[in-house]
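Trainee: Here are the chains, one letter per residue:
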Amino acid sequence: MILAAKIGLVCAGTIVAGAGALCSEGFIRVDVAQSRGELRHINVTAPAMLVPMAVQFATHMKSRDQIAKAGEQIEPYVPAIRAALRELNEGGDMTLVDVIEPGQHVRVSKSGGSIVVDVDNQDAIVHVSAPIRAISGTIQEIADSASPSDTSSNPDSRN
Amino acid sequence: MRKQIRVIPIFCLLAAGLVATAGSATAAPPERYLHVRVEDSAKGENVNVNVPLSMAETVLPAVNKGPVLNGRITIPSAQMNGIDVHAIMVAVRNAPDGEFVTVKEKNQDVKVSKMNGNIVVHVRDGKKADETVDATIPMKVVDALVSGTQPDQLDVAAALRALTDAGDTLLVTVQNATQHVRIWIDARNTQE
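Line order of the protein sequences matches chains X and S.
Residue numbers for the first sequence follow this note's numbering, beginning at 1 and rising by one.
Residue numbers for the second sequence follow this note's numbering, beginning at 1 and rising by one.
None of these hints come from the bench; they were simulated from the model.
Heads up, the beta-carbon is just placed ideally off N, CA and C, and yes, glycines get one too.
Hints should not be assumed to be uniformly reliable.
Just the calculated beta-carbon pair ranges, DEER-fashion [claimed, not checked]: (1) A33/X / N46/S: 22 to 32 Å; (2) V38/S / S24/X: 52 to 62 Å; (3) N94/S / D31/X: 54 to 64 Å; (4) S24/X / K111/S: 35 to 45 Å; (5) A70/X / G66/S: 11 to 21 Å; (6) I100/X / Q79/S: 30 to 40 Å; (7) A58/X / M115/S: 18 to 28 Å; (8) V121/S / G20/X: 54 to 64 Å; (9) Q56/X / A95/S: 56 to 66 Å.
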């Protein structure tokens, strides 16, 4: 009985620790409310840590060529993107871009440790929120998927 | 004994004051932001962009692609046409305030002057719906831009650092019949 309790405790602890580690990077939230035609509302919240893991997993699947191509294109800019994301993460909350057009409003802002994109137009209201650390990790994963010859030509890409 | 006890709080207050003064003296300067606002009354469009200057300063040296290397932009010598930009800037810096270039045509005015430590450029183009462009660039920023050792290089990273040190500045305005563009720097992270 005691042994079973111990095993149960270890399992529960592992699950809690795993869930904690999985959620440590925050959550990606996608909220789409479609207003034109059929009324639809999609709300997805997922641990942000899953995204770089999914990209890494995808590099071993059929889509690896496409990701490798994207990696080659993005690779020269990775240090700049990562530097920008690092600075953004350290800075305060602010609106980065705000575009108002007739019937459409787009806003990109930094809120907490996340980049938030809000699009409000006649067709739909879209809200996407992604932790900056997860974005940085995903970009690094995509860049790492570039062919080895390209990666070795720019050793700064990992900085 | 009582006197000694009374003196202790005074010392504490003095010490706290000194610590506060030292803290404020060593505090990091406030973040500064580059703002861009584009208003198009004909289309009803409004675009606002806010960029922390520290981010631009950090990002630019990380871009090493094409003519951009370590925050410097190399201008191909063919485009320089033998013009020594450094020599021109030294001459402008040492010159007193005044108008350097004035061009008046039927549909166009161009004026370049130096005023209160700034290079001021004014362009009016009558052909493009009476468009006017005004640019005010602090001399320190221009100096930083041409501070590189190579005559064909512009040190944009140094210019950004100099902009950070400059006060609140309206850098560029473009105005025509329907559009209004403003680029400025201040310490606020919004355009309110």
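Trainee: Compare the structure with each hint and give your call.
Mentor: Quick rundown of the hints versus the structure:
Between A33/X and N46/S the Cβ separation comes to about 24 Å, which falls inside the hinted range of 22 to 32 Å. V38/S and S24/X have their C-beta atoms about 40 Å apart, which leaves the hinted 52 to 62 Å range violated. Between N94/S and D31/X the beta carbon distance is about 60 Å. The supplied range of 54 to 64 Å therefore holds. Between S24/X and K111/S the beta carbon distance is about 59 Å. The supplied range of 35 to 45 Å is therefore violated.
A70/X and G66/S have their C-beta atoms about 20 Å apart, which keeps the hinted 11 to 21 Å range intact. Between I100/X and Q79/S the CB atoms are about 38 Å apart, so this pair conforms to the stated range of 30 to 40 Å. The beta-carbon spacing between A58/X and M115/S, approximately 58 Å, falls outside the hinted interval of 18 to 28 Å. Checked against the given bound of 54 to 64 Å, the beta carbons of V121/S and G20/X, roughly 58 Å apart, stay inside it.
Separation of Q56/X from A95/S is about 60 Å and conforms to the stated range, judged on CB atoms against 56 to 66 Å.
Consistency note: the structure conflicts with the earlier hints numbered 2, 4 and 7.
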